[in-house]
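Colleague: As a plain string of letters, each chain reads:
There are 2 protein chains.
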Amino acid sequence: MKSLDRKILSEAAYLGNGIIKVDRFLNHCVDTALMTEIGNEFSRQLSAQGITGINKIVTAETSGIAPALTTAQALGVPMVFARKKQPVTMKGNGYSSSVHSHTKEDRVTLHISKEFLSAEDRIVIIDDFLGVGETTTGLVELIKQSGARLCAIGFVLEKTYEQGRKALNHLGVPIISLARLDLQGEKIILVP
Amino acid sequence: MKSLDRKILSEAAYLGNGIIKVDRFLNHCVDTALMTEIGNEFSRQLSAQGITGINKIVTAETSGIAPALTTAQALGVPMVFARKKQPVTMKGNGYSSSVHSHTKEDRVTLHISKEFLSAEDRIVIIDDFLGVGETTTGLVELIKQSGARLCAIGFVLEKTYEQGRKALNHLGVPIISLARLDLQGEKIILVP
Numbered sequence: 026m027k028s029l030d031r032k033i034l035s036e037a038a039y040l041g042n043g044i045i046k047v048d049r050f051l052n053h054c055v056d057t058a059l060m061t062e063i064g065n066e067f068s069r070q071l072s073a074q075g076i077t078g079i080n081k082i083v084t085a086e087t088s089g090i091a092p093a094l095t096t097a098q099a100l101g102v103p104m105v106f107a108r109k110k111q112p113v114t115m116k117g118n119g120y121s122s123s124v125h126s127h128t129k130e131d132r133v134t135l136h137i138s139k140e141f142l143s144a145e146d147r148i149v150i151i152d153d154f155l156g157v158g159e160t161t162t163g164l165v166e167l168i169k170q171s172g173a174r175l176c177a178i179g180f181v182l183e184k185t186y187e188q189g190r191k192a193l194n195h196l197g198v199p200i201i202s203l204a205r206l207d208l209q210g211e212k213i214i215l216v217p
Numbered sequence: 026m027k028s029l030d031r032k033i034l035s036e037a038a039y040l041g042n043g044i045i046k047v048d049r050f051l052n053h054c055v056d057t058a059l060m061t062e063i064g065n066e067f068s069r070q071l072s073a074q075g076i077t078g079i080n081k082i083v084t085a086e087t088s089g090i091a092p093a094l095t096t097a098q099a100l101g102v103p104m105v106f107a108r109k110k111q112p113v114t115m116k117g118n119g120y121s122s123s124v125h126s127h128t129k130e131d132r133v134t135l136h137i138s139k140e141f142l143s144a145e146d147r148i149v150i151i152d153d154f155l156g157v158g159e160t161t162t163g164l165v166e167l168i169k170q171s172g173a174r175l176c177a178i179g180f181v182l183e184k185t186y187e188q189g190r191k192a193l194n195h196l197g198v199p200i201i202s203l204a205r206l207d208l209q210g211e212k213i214i215l216v217p
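If you read the sequences in order, they're chains A and B.
Sequential numbering from 26 applies to the first sequence in this note's numbering.
Sequential numbering from 26 applies to the second sequence in this note's numbering.
Misleading hints may appear alongside valid ones.
Since the list can't tell identical chains apart, any single copy or any two copies may satisfy a pair.
[Said to hold, decoys possible] Here are the simulated DSS-like cross-link-like pairs (lysine-lysine), alpha carbons at most 30 Å apart as the crow flies: (1) Lys116 with Lys46; (2) Lys212 with Lys169; (3) Lys139 with Lys109; (4) Lys46 with Lys169; (5) Lys109 with Lys27; (6) Lys46 with Lys110.
These aren't lab readings, by the way, just hints derived from the structure by calculation.
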């Protein structure tokens, strides 16, 4: 996706410790036109891989919401975002899954109301980053609890150096990354 | 906005203590088509009120992100969401404002990187709910710190019984609510 590649090369910065700063366009200030294109591109790639009949996009708050929403717009389906704190509106009626958070050095529990995931659902998970894959593992666990079918997983950016793809491969579903990043010293590079 | 009114009357539920459950379409499972319409409607009403030259939409994580994004899409501008925890990518370079959270019964500090708010900006704040107006007050404070101009504030739903409009009136900017809700006993009603 050329517009995304250009944006990464011109605006992303490496901060050390594996952390890539993309807050100029992805996860703090959101480039709306690019985000719409990202949704369209996920939709195009899902279709190109023959993944059809998707009826829901699932993500986790916070940074996953924007790309999940534009992908759901492109597919014409609802988007569900997992909460990191169980809201009062969900009490006693949620799936939950606790995962270790690498970036926050703490455990995070993800919650989705039982109302919005069921065995009839065909799900694609969309998130901003694939790092070591912890958040995704938590979302997969929620989907498993519900009996829904996970059809694919999409990431805007994959940090290839954190090996998350290896951790998710056993799921046996297509993993789509719109851009794959690696580090050459302190420099971010795009890899095919 | 008829589609939103219908959705409220058929899907919103009153949980007591002033809490309205709209997680079926607004803040957990997001009705993508309705959210796109919401963005278009904010854009239409801003234009009808002669509010032009907006170059940024500002909101707070988490539930503000979806309506802020679709409004920014409709206006063709970027969207910035305030963080409730200062991320490592912002350290030492953020505006911040601490507000009391009515729903969380705690103080919440909002952060926006100085990179994304400046005196040249013409801002509209978009959020999901107007309750007592605490989050909005925090966002207004960040905008003031930056010298940016606040041009209007938009809410998908206004809980008229929490009087947030009164708390924001002194700002002297238009306050747009797409639906104004009141309670009749345990029943949610729409008010003009």
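Colleague: Each hint: holds or not?
Modeller: Here is what the structure says about each hint:
For the homomeric pair Lys116 and Lys46, the shortest alpha-carbon distance between copies (12 Å) is at most 30 Å, but the shortest distance inside one copy (35 Å) is not. With identical chains, the CA atoms of Lys212 and Lys169 are never at most 30 Å apart, being 38 Å at best within one copy and 36 Å at best between copies. Both within a single protomer and between protomers do Lys139 and Lys109 lie at most 30 Å apart by alpha-carbon distance, with minima of 15 Å and 27 Å respectively. Taking CA atoms no more than 30 Å apart as the test, Lys46 paired with Lys169 passes between copies only; the shortest distance there is 26 Å, against 32 Å inside one copy.
Taking CA atoms no more than 30 Å apart as the test, Lys109 paired with Lys27 passes in neither setting, with 33 Å inside one copy and 32 Å between copies. Taking the closest pair of Cα atoms, Lys46 and Lys110 come within 30 Å of each other both inside a single copy (25 Å) and across two copies (16 Å).
The earlier numbered hints that this structure contradicts are 2, 5.
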